[in-house]
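Residues in the sequence shown are numbered from 0 upward in steps of one, following numbering that gives the first Met the number 0.
These are computed hints drawn from the structure, not numbers from a lab. Keep in mind that this is a model prediction, so the values were computed, not measured. It is possible that part of the hints are untrue.
[As the list claims (entries may be wrong)] Simulated pairs of lysine-lysine, DSS-like, Cα-Cα distance not exceeding 25 Å:
no., residue 1, residue 2
1, Lys303, Lys293
2, Lys109, Lys205
3, Lys293, Lys319
4, Lys96, Lys109
5, Lys274, Lys256
6, Lys205, Lys175
7, Lys293, Lys274
8, Lys303, Lys319
9, Lys274, Lys303
10, Lys109, Lys175
11, Lys223, Lys205
12, Lys96, Lys69
13, Lys319, Lys274
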Amino acid sequence: MQHLIRLYFQLPLFVRLLSTVFFTMTLFGIIIHIIEPENFPTFFDGLWWAFVTGATVGYGDYVPLSPAGKAVAILLILSGGGLVTFYMATLSASTVKHETSLSEGRVPYKGADHIVLIGWNERTRHLIDMLQDQNLHERIVMIDQTMNQFYQRLPSVHFISGSATNEDTLEHANIKEARMAIITADPSMEEQQSDQAVIHQIVALKGHHPELFIIAEVLTDRQKINAQRAGASTIIRSNDFMSSLFYQELYRNDPVKPFELLLSLLTERQFHEEKVTETLAGHPILTAYEFFLKKGCQIIGIRKNGELSFHLDENIELEKGDELILFSPLRK
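Use the sequences and the hints to build the structure in full.
Spelled out as structure tokens, the structure:
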């Protein structure tokens, strides 16, 4: 008996209240059925009356007539009515508390095969918008320590508040079951400090999930090697990319706007590598152009003997082992 009592109090409050309500209503249903079998011919009739009376609905389809039955009804109203009211109030409070905990990032994520984004900023916000626009239905866990509350109403995003180098934060994000992680640089820090923070986060993620695929953003080129050593799978040097765009804008001499063009291109297409098969081996690259155009893809480069080249010539002959760099439609 003591073991059952201890087990009862170990249950969540919501489960304890619900089980208590069912036990109380069942008990009163049995009692009223025994006291007045004529007015409550079955146990279910007594149970129905107990729930209706305890919830203060009072349909009046079953009514105790004897003094003993009325005494039972009084006890039910005093005990059961307050119990049901307390249950409903607790349920409402728990719902509000859970909603608040979700927005404050205090609820652990229980799913798997998700993408972890570290750092809430304009880049991650835009990435989430792109995933939703493409209807990719990715499950996303956002880790950020700068926000006290996640105000964005994004059903696909689960917010975890805390540092990505903290053990509890990573466990709440269920890193061990994640498919991929993206670490963005903190623009509020100095470049060197921001890159060091990114490297520390890579090490922490790899410590929890050694096989995790990590995309990391660094601001300085000299920290690229350290990010690689820490375990990053792909490294994006955002400053180098922006400098290249500035260069293109600075020396363009036609109406084409490189930034808008590249932005539109990367939003609608993606890079893809395709190995040259036996079917294409021995043929000129023009044959491959025609082959992939039928699939909606464009060849923009070729990798021969490990060397990448974007200088394509119609006389290039494809060999088995070559890799073609393609622009293909975004995956659905």
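Hints, one by one, checked against the model:
1. Lys303 to Lys293: Between Lys303 and Lys293 the Cα gap is close to 24 Å, so the pair holds against 25 Å.
2. Lys109 to Lys205: This hinted pair holds, its Cα atoms lying about 20 Å apart.
3. Lys293 to Lys319: 21 Å, holds
4. Lys96 to Lys109: The hint holds at about 18 Å.
5. Lys274 to Lys256: 32 Å, violated
6. Lys205 to Lys175: Holds - the C-alpha atoms of Lys175 and Lys205 are around 10 Å apart, at most 25 Å.
7. Lys293 to Lys274: Since the Cα atoms of Lys293 and Lys274 sit roughly 17 Å apart, the hinted pair holds (cutoff 25 Å).
8. Lys303 to Lys319: 10 Å, holds
9. Lys274 to Lys303: The hint holds at about 11 Å.
10. Lys109 to Lys175: 11 Å, holds
11. Lys223 to Lys205: 17 Å, holds
12. Lys96 to Lys69: With Cα atoms ~39 Å apart, Lys96 and Lys69 exceed 25 Å; violated.
13. Lys319 to Lys274: Holds, at roughly 8 Å.
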